[in-house]
Amino acid sequence: ICCPRYGERRQTESDWGKRCVDKFDIIGIIGEGTYGQVYKAKDKDTGELVALKKVRLDNEKEGFPITAIREIKILRQLIHRSVVNMKEIVTDKQDALDFKKDKGAFYLVFEYMDHDLMGLLESGLVHFSEDHIKSFMKQLMEGLDYCHKKNFLHRDIKCSNILLNNSGQIKLADFGLARLYSSEESRPYTNKVITLWYRPPELLLGEERYTPAIDLEFPQLEFPQLNTVQGVRLKHFKVDSSGFRKFQ
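To convert, note that position 172 of the sequence shown is 172 in full-length UniProt numbering; the numbers rise steadily by one, no gaps.
Hint data in this document are derived by calculation from the structure and do not stem from the laboratory. There are no misleading hints in this set.
Computed cross-link-like contacts, EDC-like style, restricted to lysine to aspartate or glutamate with a CA-CA straight-line distance of at most 20 Å:
no.	residue 1	residue 2
1	Lys-54	Asp-43
2	Lys-18	Asp-43
3	Lys-18	Asp-92
4	Lys-54	Asp-114
5	Lys-87	Asp-25
6	Lys-18	Asp-45
Being a predicted model, the structure only gives us computed values, none of them experimental.
Hey, can you work out the whole structure from these sequences and the hints?
Okay, here's the thing in C-alpha coordinates:
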(Lines of atoms letter the chains of each structure in order from A; the text may use other names.)
(Lines give C-alpha, C1' and ligand atoms only; values in the text may rest on other atoms or scores of the structure.)
Protein backbone atom coordinates (compact mmCIF):
# COMPACT_ATOMS: atom_id res chain seq x y z
CA ILE A 1 0.00 0.00 0.00
CA CYS A 2 1.42 3.32 -1.01
CA CYS A 3 1.40 6.14 1.53
CA PRO A 4 1.38 9.86 0.70
CA ARG A 5 4.30 12.06 1.58
CA TYR A 6 4.46 13.26 5.13
CA GLY A 7 6.52 15.65 7.21
CA GLU A 8 5.02 18.99 6.24
CA ARG A 9 2.33 20.94 8.05
CA ARG A 10 0.31 23.50 6.12
CA GLN A 11 0.19 25.99 8.98
CA THR A 12 3.31 26.95 10.92
CA GLU A 13 2.98 26.75 14.69
CA SER A 14 3.31 30.53 14.95
CA ASP A 15 -0.01 30.73 13.05
CA TRP A 16 -1.86 28.44 15.44
CA GLY A 17 -4.80 30.20 17.12
CA LYS A 18 -4.94 33.01 14.56
CA ARG A 19 -7.83 31.50 12.62
CA CYS A 20 -11.34 30.79 13.87
CA VAL A 21 -13.68 27.91 13.13
CA ASP A 22 -15.70 30.14 10.77
CA LYS A 23 -12.98 29.42 8.21
CA PHE A 24 -14.40 25.90 7.91
CA ASP A 25 -17.67 24.51 6.58
CA ILE A 26 -18.93 21.94 9.10
CA ILE A 27 -20.16 18.85 7.25
CA GLY A 28 -21.27 16.75 10.22
CA ILE A 29 -20.39 15.05 13.50
CA ILE A 30 -18.18 11.99 13.09
CA GLY A 31 -17.41 11.10 16.69
CA GLU A 32 -17.08 12.02 20.34
CA GLY A 33 -13.67 12.82 21.79
CA THR A 34 -12.45 12.92 25.38
CA TYR A 35 -13.34 16.57 25.77
CA GLY A 36 -15.82 17.30 22.99
CA GLN A 37 -17.31 16.32 19.67
CA VAL A 38 -15.34 15.64 16.48
CA TYR A 39 -16.55 17.13 13.21
CA LYS A 40 -15.87 16.50 9.55
CA ALA A 41 -15.25 19.88 7.91
CA LYS A 42 -13.89 21.55 4.80
CA ASP A 43 -11.33 24.36 4.84
CA LYS A 44 -12.95 27.26 2.96
CA ASP A 45 -9.57 28.54 1.78
CA THR A 46 -8.20 25.29 0.36
CA GLY A 47 -11.16 22.93 0.00
CA GLU A 48 -9.27 20.35 2.08
CA LEU A 49 -11.24 17.94 4.26
CA VAL A 50 -10.23 17.99 7.94
CA ALA A 51 -11.38 16.67 11.30
CA LEU A 52 -12.13 19.31 13.95
CA LYS A 53 -11.73 18.04 17.50
CA LYS A 54 -13.66 20.38 19.77
CA VAL A 55 -12.26 21.16 23.21
CA ARG A 56 -14.80 22.84 25.48
CA LEU A 57 -13.57 25.03 28.32
CA ASP A 58 -16.85 25.63 30.17
CA ASN A 59 -15.99 23.31 33.05
CA GLU A 60 -12.24 23.90 33.09
CA LYS A 61 -11.21 26.14 35.99
CA GLU A 62 -7.62 26.34 34.77
CA GLY A 63 -8.28 26.84 31.06
CA PHE A 64 -6.90 24.08 28.81
CA PRO A 65 -7.73 20.49 29.86
CA ILE A 66 -4.51 18.74 30.83
CA THR A 67 -5.14 15.94 28.32
CA ALA A 68 -5.47 18.49 25.52
CA ILE A 69 -2.24 20.20 26.56
CA ARG A 70 -0.46 16.86 26.60
CA GLU A 71 -1.81 15.85 23.19
CA ILE A 72 -0.85 19.17 21.58
CA LYS A 73 2.63 19.13 23.10
CA ILE A 74 3.33 15.59 21.94
CA LEU A 75 1.84 15.85 18.45
CA ARG A 76 3.98 18.92 17.77
CA GLN A 77 6.96 16.56 18.01
CA LEU A 78 5.59 13.61 16.05
CA ILE A 79 5.61 13.78 12.25
CA HIS A 80 5.25 10.35 10.69
CA ARG A 81 3.10 8.70 8.02
CA SER A 82 1.57 6.40 10.67
CA VAL A 83 0.75 9.16 13.17
CA VAL A 84 -2.23 11.44 12.57
CA ASN A 85 -1.15 14.97 11.63
CA MET A 86 -2.40 17.88 13.75
CA LYS A 87 -2.41 20.77 11.30
CA GLU A 88 -3.30 23.72 13.52
CA ILE A 89 -5.42 25.05 16.38
CA VAL A 90 -8.37 27.38 15.76
CA THR A 91 -10.67 29.31 18.10
CA ASP A 92 -14.45 29.32 18.18
CA LYS A 93 -14.47 33.07 17.49
CA GLN A 94 -11.91 35.49 16.18
CA ASP A 95 -11.31 37.41 19.42
CA ALA A 96 -11.11 34.36 21.71
CA LEU A 97 -7.34 34.18 21.97
CA ASP A 98 -7.18 34.35 25.78
CA PHE A 99 -8.55 30.94 26.70
CA LYS A 100 -8.48 31.61 30.45
CA LYS A 101 -10.84 34.59 30.04
CA ASP A 102 -12.99 33.17 27.26
CA LYS A 103 -14.83 30.05 28.42
CA GLY A 104 -15.89 28.94 24.99
CA ALA A 105 -14.04 26.32 23.00
CA PHE A 106 -11.16 25.79 20.65
CA TYR A 107 -10.55 23.15 17.99
CA LEU A 108 -7.64 20.89 17.13
CA VAL A 109 -7.49 20.57 13.34
CA PHE A 110 -6.42 17.14 12.09
CA GLU A 111 -6.03 15.64 8.66
CA TYR A 112 -9.22 13.81 7.75
CA MET A 113 -9.28 10.01 7.81
CA ASP A 114 -12.25 8.08 6.41
CA HIS A 115 -12.71 5.51 9.17
CA ASP A 116 -11.62 4.23 12.55
CA LEU A 117 -10.97 0.53 13.01
CA MET A 118 -13.70 0.12 15.64
CA GLY A 119 -16.36 1.59 13.36
CA LEU A 120 -15.38 -0.72 10.50
CA LEU A 121 -15.41 -3.82 12.71
CA GLU A 122 -18.77 -2.96 14.27
CA SER A 123 -20.36 -2.24 10.89
CA GLY A 124 -19.96 -5.85 9.82
CA LEU A 125 -19.60 -4.63 6.25
CA VAL A 126 -15.91 -5.34 5.75
CA HIS A 127 -13.75 -8.44 5.77
CA PHE A 128 -10.01 -8.03 6.06
CA SER A 129 -7.77 -10.42 4.15
CA GLU A 130 -4.47 -11.65 5.53
CA ASP A 131 -2.69 -9.15 3.28
CA HIS A 132 -4.78 -6.32 4.75
CA ILE A 133 -3.96 -7.43 8.28
CA LYS A 134 -0.25 -7.72 7.53
CA SER A 135 -0.25 -4.23 6.06
CA PHE A 136 -2.19 -2.78 9.01
CA MET A 137 0.12 -4.47 11.52
CA LYS A 138 3.24 -3.27 9.69
CA GLN A 139 2.00 0.32 9.61
CA LEU A 140 0.90 0.25 13.25
CA MET A 141 4.22 -1.17 14.41
CA GLU A 142 6.13 1.41 12.36
CA GLY A 143 4.13 4.16 14.03
CA LEU A 144 4.68 2.73 17.50
CA ASP A 145 8.37 2.19 16.82
CA TYR A 146 8.68 5.84 15.77
CA CYS A 147 6.87 7.04 18.91
CA HIS A 148 9.00 4.84 21.15
CA LYS A 149 12.23 6.01 19.50
CA LYS A 150 11.06 9.56 20.23
CA ASN A 151 10.62 8.38 23.85
CA PHE A 152 6.83 8.57 23.95
CA LEU A 153 4.43 5.96 25.29
CA HIS A 154 0.98 6.09 23.69
CA ARG A 155 -0.79 4.22 26.52
CA ASP A 156 -4.19 3.99 24.83
CA ILE A 157 -3.87 1.72 21.80
CA LYS A 158 -7.32 0.42 20.83
CA CYS A 159 -9.56 0.08 17.76
CA SER A 160 -11.16 3.51 18.05
CA ASN A 161 -7.73 5.19 18.17
CA ILE A 162 -6.53 3.56 14.95
CA LEU A 163 -7.67 5.51 11.90
CA LEU A 164 -7.80 4.34 8.28
CA ASN A 165 -8.37 5.99 4.94
CA ASN A 166 -9.88 4.43 1.84
CA SER A 167 -6.39 3.66 0.51
CA GLY A 168 -5.65 1.35 3.43
CA GLN A 169 -3.35 3.71 5.30
CA ILE A 170 -3.25 3.36 9.09
CA LYS A 171 -2.62 6.21 11.51
CA LEU A 172 -2.35 6.34 15.29
CA ALA A 173 -4.58 8.93 16.96
CA ASP A 174 -5.61 10.29 20.38
CA PHE A 175 -2.43 11.00 22.35
CA GLY A 176 -4.27 12.35 25.41
CA LEU A 177 -2.81 9.64 27.67
CA ALA A 178 0.64 9.61 26.07
CA ARG A 179 3.69 10.74 27.97
CA LEU A 180 7.44 11.12 27.74
CA TYR A 181 9.38 8.04 28.80
CA SER A 182 12.99 7.62 29.84
CA SER A 183 14.58 4.18 30.04
CA GLU A 184 17.36 5.66 32.17
CA GLU A 185 15.01 6.71 34.95
CA SER A 186 13.43 4.16 37.23
CA ARG A 187 10.33 6.14 38.09
CA PRO A 188 6.70 5.12 38.56
CA TYR A 189 3.89 5.92 36.11
CA THR A 190 0.18 5.50 36.69
CA ASN A 191 -1.14 2.05 35.84
CA LYS A 192 -4.65 3.43 35.17
CA VAL A 193 -3.98 3.68 31.44
CA ILE A 194 -5.01 1.69 28.35
CA THR A 195 -8.65 0.60 28.06
CA LEU A 196 -9.28 -2.06 30.70
CA TRP A 197 -9.91 -4.87 28.23
CA TYR A 198 -6.51 -4.41 26.58
CA ARG A 199 -4.57 -3.50 29.70
CA PRO A 200 -1.47 -5.70 30.11
CA PRO A 201 -1.49 -8.15 33.04
CA GLU A 202 1.34 -6.32 34.83
CA LEU A 203 -0.72 -3.12 34.93
CA LEU A 204 -3.81 -4.98 36.11
CA LEU A 205 -1.70 -6.30 38.97
CA GLY A 206 -0.53 -2.82 39.95
CA GLU A 207 2.84 -2.43 38.22
CA GLU A 208 3.89 1.23 37.98
CA ARG A 209 7.34 0.83 36.44
CA TYR A 210 6.80 -0.23 32.86
CA THR A 211 8.30 0.11 29.38
CA PRO A 212 7.04 0.75 25.82
CA ALA A 213 6.08 -2.94 25.73
CA ILE A 214 2.71 -1.97 27.23
CA ASP A 215 1.72 -0.51 23.84
CA LEU A 216 2.07 -3.94 22.24
CA GLU A 217 -0.66 -5.74 24.20
CA PHE A 218 -3.44 -4.61 21.88
CA PRO A 219 -1.73 -5.50 18.58
CA GLN A 220 -0.93 -8.97 19.94
CA LEU A 221 -4.53 -9.54 21.07
CA GLU A 222 -6.57 -7.99 18.29
CA PHE A 223 -4.72 -7.88 15.00
CA PRO A 224 -4.15 -11.61 14.45
CA GLN A 225 -7.93 -12.13 14.58
CA LEU A 226 -9.24 -9.23 12.50
CA ASN A 227 -10.32 -11.62 9.76
CA THR A 228 -12.43 -13.77 12.09
CA VAL A 229 -16.11 -13.11 12.63
CA GLN A 230 -15.67 -11.48 16.02
CA GLY A 231 -11.99 -11.35 16.80
CA VAL A 232 -11.09 -10.46 20.36
CA ARG A 233 -14.11 -8.32 21.21
CA LEU A 234 -14.79 -6.55 24.48
CA LYS A 235 -17.79 -8.71 25.33
CA HIS A 236 -15.57 -11.79 25.61
CA PHE A 237 -13.65 -10.40 28.57
CA LYS A 238 -14.37 -9.84 32.19
CA VAL A 239 -12.00 -8.82 34.97
CA ASP A 240 -12.39 -10.48 38.34
CA SER A 241 -11.66 -8.90 41.72
CA SER A 242 -8.01 -9.94 41.60
CA GLY A 243 -7.48 -8.09 38.33
CA PHE A 244 -7.16 -11.19 36.16
CA ARG A 245 -8.90 -11.26 32.78
CA LYS A 246 -11.04 -14.25 31.91
CA PHE A 247 -12.98 -15.28 28.83
CA GLN A 248 -16.73 -15.37 29.30
